[in-house]
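Number of protein chains: 4
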Amino acid sequence: MSNANADSLVASHDPNHPANLICELCRLFYNNGWVTGTGGGISIRKGDHIFIAPSGVQKERMLPDNMFVMDLETKEYLRVPKSLKPSACTPLFLAAYTNRNAGACIHTHSQNAVLISLLYDKVFTIANIEQIKALPKLTEPGYLGFFDTLTIPIIENTAHEEDLKDSLEQAINDYPATTAVLVRRHGIYVWGETVWKAKVYNEAIDYLLELAVKMRQLGVPPDGAIGSERNTRVV
Amino acid sequence: MSNANADSLVASHDPNHPANLICELCRLFYNNGWVTGTGGGISIRKGDHIFIAPSGVQKERMLPDNMFVMDLETKEYLRVPKSLKPSACTPLFLAAYTNRNAGACIHTHSQNAVLISLLYDKVFTIANIEQIKALPKLTEPGYLGFFDTLTIPIIENTAHEEDLKDSLEQAINDYPATTAVLVRRHGIYVWGETVWKAKVYNEAIDYLLELAVKMRQLGVPPDGAIGSERNTRVV
Amino acid sequence: MSNANADSLVASHDPNHPANLICELCRLFYNNGWVTGTGGGISIRKGDHIFIAPSGVQKERMLPDNMFVMDLETKEYLRVPKSLKPSACTPLFLAAYTNRNAGACIHTHSQNAVLISLLYDKVFTIANIEQIKALPKLTEPGYLGFFDTLTIPIIENTAHEEDLKDSLEQAINDYPATTAVLVRRHGIYVWGETVWKAKVYNEAIDYLLELAVKMRQLGVPPDGAIGSERNTRVV
Amino acid sequence: MSNANADSLVASHDPNHPANLICELCRLFYNNGWVTGTGGGISIRKGDHIFIAPSGVQKERMLPDNMFVMDLETKEYLRVPKSLKPSACTPLFLAAYTNRNAGACIHTHSQNAVLISLLYDKVFTIANIEQIKALPKLTEPGYLGFFDTLTIPIIENTAHEEDLKDSLEQAINDYPATTAVLVRRHGIYVWGETVWKAKVYNEAIDYLLELAVKMRQLGVPPDGAIGSERNTRVV
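Residue numbers (the numbering used here), protein chains in the order written: chain A, 1 to 235; chain B, 1 to 235; chain C, 1 to 235; chain D, 1 to 235.
I should point out that these hints are in silico values taken from the structure, not numbers from a laboratory.
Warning: the hint list may mix true and false statements.
Identical chains share a label here; the pair holds if one copy fits it or two copies do between them.
[Claimed, not checked] Simulated pairs of lysine to any residue, SDA-like, Cα-Cα distance not exceeding 25 Å:
1) Lys-85 <-> Leu-144
2) Lys-214 <-> Asn-20
3) Lys-46 <-> Asp-148
4) Lys-197 <-> Ala-88
5) Lys-214 <-> Tyr-30
6) Lys-137 <-> Glu-162
7) Lys-137 <-> Ala-88
8) Lys-137 <-> His-17
9) Lys-82 <-> Thr-194
10) Lys-46 <-> Glu-60
11) Lys-137 <-> Pro-86
12) Lys-197 <-> Leu-63
13) Lys-85 <-> Asp-148
14) Lys-85 <-> Gly-103
15) Lys-214 <-> Leu-28
16) Lys-122 <-> Gln-217
Working from the sequences, and respecting the hints, build out all of it.
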């Protein structure tokens, strides 16, 4: 593909075009403290084209012109922006696209995710909180209910981000009902059928992680506390 | 009502029109972390017309065109926006309109509300804090005084939001002086005579819930601590 | 003064005009959580004219047209905006103008101020923190040094805000070096020679109150901790 | 240099001109709570010209016209804005320029920095957190790895900011791998090859300081906790 054609892949006046949306969402994530210090990343799929934010740049200052575009089938780059490096998250985004047919994948360094990974062992679970209902069941249609337990696997971090691929895929296979994987001392990967679903899932999960940290600070057990005998159910 | 007429119910250049105000206030609530992940909801009444935000959408990205409109008398929808689902909060908003002649009702997933519901049993009470004075007495004219106790009932959550209706109405009846009901492990419902009063009450209550959580973290009893012998009065 | 003349007192294109500045600063204070739920207040003096935000309104939504104007000499209102009530803080603002020749006075319901008033008895003190240097000595020219101790008196709250006047004036007299008074379970009053000094003092004090709360949460004594033997000096 | 020429040093339509960038970044830092109450400072180098924010002003309200410009070789001011005082941080910024060939130096009163200086003795260290990878090795090319330990020296505060120069230079010499120095009970100095690197380093470090404070609050050892046996390595 000629260079001019490649540039046309990221040039659009539509605010919902992936190249524009990645920039807008990263500004939002930056303001939430999720991608400061160049941390984190995001990828959106449009048909067979995968748009990926570059590595090591200030996520809140990206322009559509900074985006990599990859062909999902051939795994070849259709567009490589000048002087930028591809994201080390790329194999992990591909894992979500390939194994889950995701439409977008978000990676943050949320401090809530890091703290939860220091407080929980192999999985994070939380139950009986209304916000759980924003998350999908996945193994069957529909969303989790209030009395359901949300379970998110925690994988160990590796020296190089791309080396997380195997354990991330293992977690995706071992936990078919999860739409996210926590990476110990690192952050979280969240994906969804569409970019908006991925965004909402990430928001709802971060709300629950933050709440669980606060519950720990207050000495409240995540699945118990006042009213629990009336308001929780083992499932 | 024809479709064109129904659309005119939500089309207005007046920023204080309910359909516009719902969008503006939800952006504010989103920035406060009260309605992230599609959580929460809001409804405003204008005469006999009730405007209601739809279910399961990103609350900070709504447009006036997304609003449902219901007739308070007949409980029939005057306007149903295409491809959107009515809010499961609707029966609860109606409870506030019917039982309290409210002008607006706000529902949030505020983490302060959830945490307080884990720390208190059947009611949340707080006394001798100046911010209490922003809240109405209701059973008589005027506002609470500094030495008064604010009491907000806590009801148990249910699997389906609409099933909260009976216990919410029970709480409204049992606590005629309250302008809010906490829902355990879920959030809070706050209403007021006008949308601005509902907004102010919700802000003042959330301030008090947040303060009570922080007092607990610091080991300060909500109604006591240094200066209490001089500065508090049992009422 | 005729009504038209009275309105001209608050109509100006100069962003630094008191009526405009009160609105701008209150939006800032609202975003800091200092004046939510209609709490708090502010007054700016321009010569012998005192501009005062009204009582019981949403502080972030005020317009210049909402401002009261009082003559400092005669204590008579030069302008009373329609359907608004004078602030109950007015006697307290006057105390700062009269006793300290202040140019502006800020009142917030900062949660940091309320929490500190629950943790300290008759005064709040903090020493050996760089931010102290933003605050004036007052009893002599210049600013506090790093090794100085900042002392802010705490007065007891009263049922009616205006009844704080006597104890506020007492504190102003008893603590000639203070530019602020904490009100237990209520908030803080901060004043300065100009509106910008008052704003800066309020910011610096709130920073120190917040830090002292966090130090308490971490079990660090406000005037001690690691490095204290090398880095603090009793003065 | 004539006055007109001196003014041309800070007048530019380029948003990346140091005089413009200082203003933009200080607004960002203010919103992060790093430079409230006139605290903190920043300097950017462009060739042999050093641009420095003035002392004692509201950092979020500065204009390009407020900037000092100094010649790095001669240490003479090329531009002195009217009625403003040079920053007391100037000798410390020069230390970073002279000893490290920095392109910019940021000084904040971040509460995370102050709190960490109260919890750690002579150095702050943190290991096995992904965000560490945003920081440079300096003593060799490239960035720190996940299993590396970030070490930031802590120096004692002095009565006058300029007196920090000797101990700051000592710390710079003693810790050739550091791009920042914590000042006990005061804040932090962070520098980098370019202004953007300095900004990113400061963000990444503050993230790590904040995380370490939260880990302490939760009783999690900075280099240990669940998963540590699998996910940490002594280096």
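Hint by hint, which ones does the structure fall short of?
2, 3 and 8
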